[in-house]
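The residues making up each chain are set out below.
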Amino acid sequence: MGLLNLFSKPAPSTLTRLPTGSFTLDREGEIIVSTVSSTFPVLTVKDIGRRVLDTFREAQEAHLPLAELVIHFGGFKIVARELRGGAIVYLSPKNIITPT
Amino acid sequence: METRHRILLLDDDPDLLATYGEILKQLPSSPEVHTATSGARALKLLESHEFRLLITDLKMPKMDGLQVLSIVRRRHPELRTVVLTSMVDEQFRSRVYALGVDLYWQKPSSEQEIDSFRECIESLLDRDMRAGFRGVQSKSLVDIVQLECLAQSSSVLRITNGPLIGKLWIGDGQLVDAETDDARGEEAFRKILAWKTGSFETLPAEPNRAQTIFKSYNALLLETAQALDEAHDTTLLNEGSPGQKPTGLKALSTVEGVEFALAAHSDGDEQFEAIGLENSERLNTWTRQTEERFRLLGEQLQAGPLEQVEGLGPQRHVTLATVKNLTLCVGWNAMLAPEDIRERMKKVVILWGS
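Residue numbers (the working numbering), protein chains in the order written: chain A, 3 to 102; chain B, 2 to 355.
Don't take each hint at face value.
[Said to hold, decoys possible] Computed beta-carbon distance windows for the label pairs:
no. : chain 1 : residue 1 : chain 2 : residue 2 : range
1   : B       : S267      : A       : S94       : 23 to 29 Å
2   : A       : S94       : B       : L204      : 26 to 32 Å
3   : B       : N209      : A       : D56       : 49 to 55 Å
4   : B       : S154      : A       : D56       : 50 to 56 Å
5   : B       : M336      : A       : S94       : 23 to 29 Å
[Said to hold, decoys possible] Below are the BS3-like pairs computed for lysine-lysine, each with C-alpha atoms no more than 27 Å apart in a straight line:
no. : chain 1 : residue 1 : chain 2 : residue 2
6   : A       : K79       : B       : K347
7   : B       : K251      : A       : K79
8   : B       : K348      : B       : K251
[What the hints assert, rightly or not] Quick look at which bits of chain A chain B covers, simulated, 3 or more residues with Cβ under 8 Å:
no. : segment
9   : 35-48
10  : 52-59
11  : 87-97
Simulated from the structure, these hints should not be mistaken for lab results.
All C-beta atoms, glycine included, are put in the ideal place defined by N, C-alpha and C.
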């Protein structure tokens, strides 16, 4: 059994860093330009973008047109600006020393 | 018979578990140390036994420390938590503290560090669990002020109550100044003393602080206590009578700049209350969907709890915040600057919470 242990790799940790950077989305939710690290899953970036676009769209439907959204989490901040149906989204992890 | 505290130690490395287990067993309070090599096992143990403290690594396979802490925060909010990791990373430290963890500790590498680690854990186990101002000890704010003044100390007490921050300047055992959001001097002191719970920290003295309080601390404490008692009695007498101060959403509308307010219940039955709105149904839907959408995103990214959503628009600005199982949606005059809205939203949250 000891021999088998030599060939078995420990399972990788799921711990990932929060994304930093910005990206631009068109009205369909497709990413046009992005400065978010390529090590961060594109699908998650798209998911963030989709949530932002849905929020802008639904606010419009509720007769509350919005040009900018700022979402504060305990350790992270998202700033999104509406761009004719699309959006530019800034992602910034919060830091204890220099909180955003 | 005195009960021993239970500590749960979580790390995927069994050798480290054994080492730290031994270190913890030698604490003066002789705690009972249990170990787990996976997040799933730790969560099971937390369900079956009552623990005082969870010490967890961050980097683990399948379920990492942040995931474990997010779950623990929801299921066992009273449990003290410590992160013990070899990662030196400011971002993870911020995220860990955002999850409400008591301590972020780098794995000790010297005898001195091990001693400090032991002391910190022992101190955490000793802390009183009762309500009060959590600082060095759990005390009432009156006790803390009296202690500082009796000791003839010079210091600045920084007191935090949710989003509100207050400061008390003490010089040679006398109150010199007090400050909170929009008040200074005696008025600020009275406001701060009316807070029921919170935490405090002692900052270095500021000897050049201008004096605004000239009464003795004893006289001021007595006056404030009497005023609070009278206010409490009046509230009890006036409950339900006409002409009383506005409460609920009406109270929120008294904050300058508030144009509308909506409180959506989070129990899924779509109930809500609103003031100053014509299209409240649609806004209720938007409020619920937005809160849920970003709360889930925060959980998915392990970015800490959703604190607030701000929306800036040409006609109105809007802020969403969750208070006491309700999501508040507050509409603001579009002429207000975002910083002013943030400050005023703190008042709204306190008004609603009280």
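Looking back at the numbered hints, which does the structure fail to meet, lowest number first?
The structure conflicts with hints 7 and 9, although it agrees with all the remaining ones.
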